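Protein chains: 2
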Amino acid sequence: MTHAIARAHPNIALVKYWGKRDASANLPATGSLSMTLDVFPTTTTVTVDPVLARDLLVLGGEERDGVPRERVERFLDLVRAASGSAAHARVETVNTVPSAAGLASSASGFAALAGAAAAAYGLDLDERGLSRLARRGSGSASRSVIPGFAVWHAGTDDETSFAEQVPAPDLAMVVTMVDCREKAVSSREAMRRTVLTSPFYPAWVSSTRQSLESALSACAAGDVERLGRIAETNALRMHAVIQACDPPLRYLSPASVEIFDRIAALRERGIGAYATADAGPNVVVLTRPEDATTVAAEIAGLAETVTAHPGPGLQVLERVPR
Amino acid sequence: MTHAIARAHPNIALVKYWGKRDASANLPATGSLSMTLDVFPTTTTVTVDPVLARDLLVLGGEERDGVPRERVERFLDLVRAASGSAAHARVETVNTVPSAAGLASSASGFAALAGAAAAAYGLDLDERGLSRLARRGSGSASRSVIPGFAVWHAGTDDETSFAEQVPAPDLAMVVTMVDCREKAVSSREAMRRTVLTSPFYPAWVSSTRQSLESALSACAAGDVERLGRIAETNALRMHAVIQACDPPLRYLSPASVEIFDRIAALRERGIGAYATADAGPNVVVLTRPEDATTVAAEIAGLAETVTAHPGPGLQVLERVPR
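Respectively, the protein sequence lines represent chains A and B. When you line the first sequence up against this note's numbering, it's residues 1 to 322, in that order. When you line the second sequence up against this note's numbering, it's residues 323 to 644, in that order.
Since the hints were derived computationally from the structure, they do not count as laboratory data. It cannot be assumed that every hint is accurate.
Once the Cα atoms are required to be at most 35 Å apart in a straight line, the calculated DSBU-like pairs of lysine-lysine come out as [unchecked claim]:
id, chain 1, residue 1, chain 2, residue 2
1, A, K183, A, K20
2, A, K183, B, K505
3, A, K20, B, K505
4, B, K505, B, K342
A few chain A positions that, by computed beta-carbon distances, are all more than 10 Å from chain B [said to hold, decoys possible]:
id, residue
5, L125
6, G222
7, H239
Some but not every residue of chain B turned toward chain A, in silico, with C-beta under 7 Å [to be verified]:
id, residue
8, E385
9, G388
10, H475
11, A476
12, V517
13, F522
14, A525
15, S529
16, R559
17, A562
18, D568
19, P570
20, P576
21, V579
What you are looking at is a predicted structure, and each value in this text was computed from that prediction instead of being measured. Where a beta carbon is used, it is the ideal one built from N, C-alpha and C, also for glycine.
Okay, chain A solo, but in the shape it has when bound:
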């Protein structure tokens, strides 16, 4: 039996991934831009065991069946196909980020799984290869492979759709924990509904392409204000394109809206703070590292906060036998 352990962190998009061009290969409708965090790591151990009749998933110490296990099995099928092995594996995952609350646990989860599985099955993949592999598990996982800031290129096929690092200004993210219960509608399902029923979806795609270009130029220029404004506008557009579904779908809660309001008020007081939120109620505030305490203080009383900085990319911690 060989086993490998890998660790990855969630990422928060400044320009969002919302909508697939190709569901089977997880090719996105547009590119996106994110910061990988230095908090909430996921650590995953993959043990290849020829005795197993099927893959096993142990999540936070509990064996899981059903959809989560099947999703892992489909992912490992890709790794087995590439490695030539037919052996099944035991996958043990420990998340420190609340699952399925719009804090991108599937990003850190599939990035860590990609790293551990590639190592355990003996695939020799560089960063780009790992990013492409992680993408197959969950689109945004492609970005969690990358340290710091990452652009995920939409690409035109499996080979050209991967994330890579980009230079960016010094930023912190104040993560608010508004509500960490599992959300009623998964991102995957909500994306599907958006593509099928939101009349705003085509315009979302073209406006996001433009936002990504502008955001990359703001990154290159080290312009925190411009990058922050683009990120907040893009996030509110993502929630708008979702809200326009039929029937409507809403992820921002009253407390989320209150935080957006408070951040707008902070800006009027001259603090460069910008709000974003993935498909869930937990708002994340972009700010300069020196303003993170002020931002966290403003939100205290509404929600617990954790301040994050640019984190490491995917790390393989151990492989036995080496």
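Keeping the supplied structure of chain A fixed, place chain B upon it in accordance with the hints.
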């Protein structure tokens, strides 16, 4: 001196008017559908006085200058041009709806002004003529001329853009008073920004055209559920197209979102209730008259409510000399 008194009520749109095709004639990008309420009347007296050097506006007992007075003067210029009179007038208005809080005080205001001014200046206008005239003051005022449910036809020019009554199922509206302070950005300015900066605006226009057709067919069929679903979806799309502006613009407050959530929860308990909101935080809930008490009880504690039913159209109460 001749004077005339007219009264009109606000209306709440089930399919929204948001965006102009022609700003000078107030021609809308799409048609819309509304219910005129039986609460919050505006009563306006127009006294034509050849001695006056300019029009005077007295709003709630206080003489007003600046933009509100100028808007009234521009409106009276249209009436004078049609009547052949050059005389100015004193306009006294009493609103019972909180001004500029997204409760359509400009709709009841310009409908009442159209009625009183037409009578005072001796214009002989039928309902359609009054609706067209009111439209020039404020687009949605065209609908407050009409009793009960009104469709405002987008039309192709001044002559063809007017509101008229449509049959509809028996409905009540529970109006919530979340926040009745004057809003930071007027509807007029927000519409302009939407047309200029929201990438979703063209799709909003085409989806609203479709929603209006479906809503009219639901009205004709007396289908409260279908009409309610269309109204809630269309309202959330209007807030979405606004939220997508650059910079973003948001009218729903945390309490508004809480009310949308509660109404969704009521539906899960089998109550046919549907939320809408104009450009402001005050949510209005559509429901069957027999469910209005249940809806109001659900919202009590969050906001004061007033229950409205289909109201009368524009009424001219007095003209002296007759």
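**Request:** Closer than 7 Å between Cβ atoms is the bar; does B:D568 clear it against chain A? Give me holds or violated.
**Result:** Nearest chain A Cβ about 5 Å off; hint holds.
**Request:** Given the hint that B:K505 pairs with B:K342, test it: the Cα-Cα distance must not exceed 35 Å.
**Result:** holds, 20 Å
**Message:** Can you verify the interface hint for B:S529: is its Cβ closer than 7 Å to any Cβ in chain A?
**Reply:** holds, 4 Å
**Whether A:G222 stays farther than 10 Å from all C-beta atoms of chain B, as the label says** = holds, 21 Å
**Prompt:** For the pair supplied as a hint, A:K183 and B:K505, is the alpha-carbon distance within the 35 Å limit?
**Reply:** Given that 35 Å is the threshold and the Cα spacing comes to 33 Å, the pair holds.
**Asked** Against chain A, with CB atoms and a cut of 7 Å, does the hint on B:R559 hold up?
**Response** This interface hint holds because 5 Å falls under the 7 Å limit.
**Asked** Is the interface hint for B:G388 satisfied, with its Cβ closer than 7 Å to some Cβ of chain A?
**Response** Violated: closest Cβ of chain A sits about 25 Å from B:G388, beyond 7 Å.
**Message:** Interface hint check: B:E385, Cβ to nearest Cβ on chain A, cutoff 7 Å. Holds or violated?
**Reply:** violated, 33 Å
**Message:** A closest beta-carbon separation below 7 Å is what the hint needs, so does B:H475 meet it against chain A?
**Reply:** violated, 22 Å
**Prompt:** Going by Cβ atoms, does A:H239 stay more than 10 Å from chain B at every point?
**Reply:** Since the minimum Cβ distance to chain B is about 7 Å, A:H239 lies within 10 Å and the statement is violated.
**Interface hint for B:A525, Cβ within 7 Å of any Cβ on chain A** = Interface hint status for B:A525: holds (4 Å vs cutoff 7 Å).
**Request:** Tell me if B:A476 is really an interface residue toward chain A, meaning its C-beta lies closer than 7 Å to one of theirs.
**Result:** violated, 18 Å
Violation of the numbered hints given earlier is confined to hints 3, 7, 8, 9, 10, 11 and 12; the remaining hints are satisfied by the structure.
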